[in-house]
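Visitor: Those protein sequences? They're chains A and B, same order as listed.
In this text, residue positions in the first sequence follow this note's numbering: the first is 1, and each later residue adds one.
In this text, residue positions in the second sequence follow this note's numbering: the first is 1, and each later residue adds one.
If you're looking for bench data, these hints aren't it; they were derived computationally from the structure.
Take the hints with a grain of salt, since some may be wrong.
In this list, chains with the same sequence are indistinguishable; a pair is considered to hold if it fits within one copy or across any two.
[To be verified] Once the Cα atoms are required to be at most 30 Å apart in a straight line, the calculated DSS-like pairs of lysine-lysine come out as:
1) K297 - K90
2) K108 - K311
3) K15 - K90
4) K90 - K291
5) K135 - K95
6) K297 - K6
7) K291 - K108
8) K113 - K291
9) K247 - K291
Number of protein chains: 2
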Amino acid sequence: MNFIEKNTLSGARQKIANYIHPTPVITSSTFNQLTGADVFFKCENFQRMGAFKMRGAAHAMASLTNIQLAKGVVTHSSGNFAQAVALSAKLFGIKAKIVMPENAPRVKIEAVKGYGAEIVFSGPLIQHREDEVHKLMEREGLTFIHPSNDMDVIIGNSTSAQELIEETGGLDVLISPVGGGGLLAGTALAAHHFSPQTIVIGAEPVNVDDAFRSLRSGMIESNAKDAFTIADGLRTTLGNVNFPIIKTYVNSILCVDEEEILQAMWWVWERMKIIIEPSSAVAVAALLRYKEQFHAKRVGLIISGGNADIKSLAG
Amino acid sequence: MNFIEKNTLSGARQKIANYIHPTPVITSSTFNQLTGADVFFKCENFQRMGAFKMRGAAHAMASLTNIQLAKGVVTHSSGNFAQAVALSAKLFGIKAKIVMPENAPRVKIEAVKGYGAEIVFSGPLIQHREDEVHKLMEREGLTFIHPSNDMDVIIGNSTSAQELIEETGGLDVLISPVGGGGLLAGTALAAHHFSPQTIVIGAEPVNVDDAFRSLRSGMIESNAKDAFTIADGLRTTLGNVNFPIIKTYVNSILCVDEEEILQAMWWVWERMKIIIEPSSAVAVAALLRYKEQFHAKRVGLIISGGNADIKSLAG
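Using the sequences provided together with the hints, build the complete structure.
Guide: And the structure:
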């Protein structure tokens with residue numbers, strides 16, 4: 001069964017080429033010694049606006065009709081996807097409205113405004129922001145782009161793993177963090193079509209292990225309302241578009257605790273000299289914790305982004 | 001006048017190829033917008049042990065005779081050169097002793113020990129460490145490698161700019177930080193032989209502006225004993241081997257203050273997602289402060305290293 005045609009995936013790379021950066025792949029002999037694996041870090045922290053989300057947002061916009069483009073788009077996010085939609089909209093020359101909770105961090109608000117998008121504040125609950133999105137869709141004819149549960153976003157996200165597979169010329173394992181499921185689903189589709197022998201694994205904070213439980217139960221599970229993780233991009237849950245893909249192509253989900261996430265993040269900052277965000281450190285931590293599984297394997301690791309609050313995380 | 005033959009410089013790349021990493025060149029469209037220049041960051045922060053010093057240390061060892069190799073080497077440094085000599089000696093399989101002041105930071109001591117070199121503590125004054133070095137040379141027949149005032153070290157350092165010139169295919173300007181002068185001299189030699197139209201500029205903290213004053217007076221100047229800069233790698237002064245090269249080939253030295261250094265470092269960490277050390281931020285800060293000079297120019301910038309104390313600098 002194919003969720004999407006192979007040439008739709010490879011075609012996505014051309015569709016977004018003018019809007020994204022191809023990102024470098026880096027290696028660390030010290031990390032390889034530490035893990036016993038041959039690890040390739042795909043650095044989406046060097047992507048425009050600092051995260052892989054730019055790929056999905058750009059591809060979703062590149063897939064809109066002229067009428068849709070003329071009317072503009074709307075999304076809800078207080079994180080990287082908000083910035084990705086804002087920057088993409090600027091590059092496409094279209095209108096974007098971002099629904100954010102009133103209590104969103106000021107720095108995130110400023111970043112979105114800096115790209116020229118309009119922010120619409122909503123109440124703190126999911127219901128509030130969804131109501132706001134529906135109002136904007138109806139009143140202004142805006143097209144909604146979901147941050148992770150949208151096939152065009154997933155296809156856009158797949159381009160990172162496509163580049164990684166092409167550059168490394170063959171991997172035994174691909175690991176990506178899993179939050180809303182859009183990156184993991186895209187990574188899995190890329191592996192299925194371009195490197196079918198590669199095992200795809202998701203990495204998740206044990207504090208919000210909904211994807212782990214979803215894969216076990218076969219149904220989309222949720223997290224406790226007060227569940228906390230420092231990897232704030234991963235607090236969301238899977239959706240009906242990406243879960244079937246994940247269920248079909250993902251081998252397993254590995255969970256790590258908060259201390260492991262912090263230690264892994266710190267190790268990469270200090271030793272590899274690159275800033276990765278806590279969500280990306282979840283994948284690094286999974287490799288470190290379960291290194292026996294990866295012994296002597298060629299492992300691709302998607303570093304999803306670099307938008308970390310360095311000062312507060314270093315404190 | 002040639003201080004060194006062109007093929008000696010290019011030959012150095014082969015001599016050290018097995019001991020160092022070729023480092024990536026990265027660009028930032030945001031930084032280019034900010035400065036109006038076309039800037040190429042040569043990332044020695046991704047070099048082995050985290051700094052360009054590995055190039056000079058490896059080249060100095062590769063230039064030793066078998067008898068010298070059999071007896072071992074000695075240097076004095078409490079910074080990156082200590083680690084560079086320690087790691088190089090490990091790779092060459094030779095003995096290394098590093099003279100360090102008793103009050104050297106514990107983390108530096110541990111790093112050197114981790115590479116297997118022996119640390120010899122001396123008193124805090126320059127005279128103390130030099131006495132200690134002489135004792136070791138006489139007693140044990142060790143060969144002394146100076147961190148910056150040694151032609152083989154300078155030639156090794158030149159390989160960074162050689163790679164940068166080759167990869168970018170032509171630069172209007174090359175900027176490197178200047179402390180002891182070994183990196184700036186190597187950069188100047190590389191430009192002279194491989195890109196003679198390129199203007200070479202040094203960047204220095206105004207608090208320790210000895211190189212700036214030396215270039216003006218034509219003599220090696222020193223700094224006040226209590227002079228402080230956060231760019232601790234740049235507190236040293238020029239030497240009789242590198243100063244003639246700098247005097248001949250370097251166009252000018254640009255000075256920046258402590259606040260500019262910190263702001264530049266912070267900008268690179270946050271926006272470019274790479275960790276650079278304060279000494280490297282000096283060159284970034286010089287470009288930012290004097291950006292009118294670099295308008296529409298192709299500028300190569302040597303990011304000398306990434307061994308920053310992230311926690312204390314972020315605090």
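Visitor: For every hint, state whether the structure bears it out.
Guide: Outcome of the hint check:
In this assembly of identical chains, the alpha carbons of K297 and K90 lie at most 30 Å apart only when taken from different copies (27 Å versus 41 Å within one copy). For a Cα distance limit of 30 Å, the shortest separation of K108 from K311 qualifies both inside one copy, at 15 Å, and across copies, at 23 Å. Taking the closest pair of Cα atoms, K15 and K90 come within 30 Å of each other only inside a single copy of the chain (16 Å); across copies the shortest separation is 49 Å, beyond that limit. Taking the shortest Cα distances, K90 and K291 sit within 30 Å of each other only across copies (27 Å), while inside one copy they are farther apart (42 Å).
Taking the shortest alpha-carbon separations for K135 and K95, only the intra-copy value of 16 Å comes in at or below 30 Å, while the best inter-copy value is 73 Å. Taking the shortest alpha-carbon separations for K297 and K6, only the intra-copy value of 26 Å comes in at or below 30 Å, while the best inter-copy value is 43 Å. Only between protomers do K291 and K108 lie at most 30 Å apart by alpha-carbon distance; the minimum there is 29 Å, versus 35 Å within a single protomer. For the homomeric pair K113 and K291, the shortest alpha-carbon distance between copies (27 Å) is at most 30 Å, but the shortest distance inside one copy (42 Å) is not.
Proximity of K247 to K291 under the C-alpha cut-off of 30 Å is restricted to the intra-copy arrangement: shortest distance 24 Å within a copy versus 53 Å between copies.
In the structure shown, no violation is registered for any of the earlier numbered hints.
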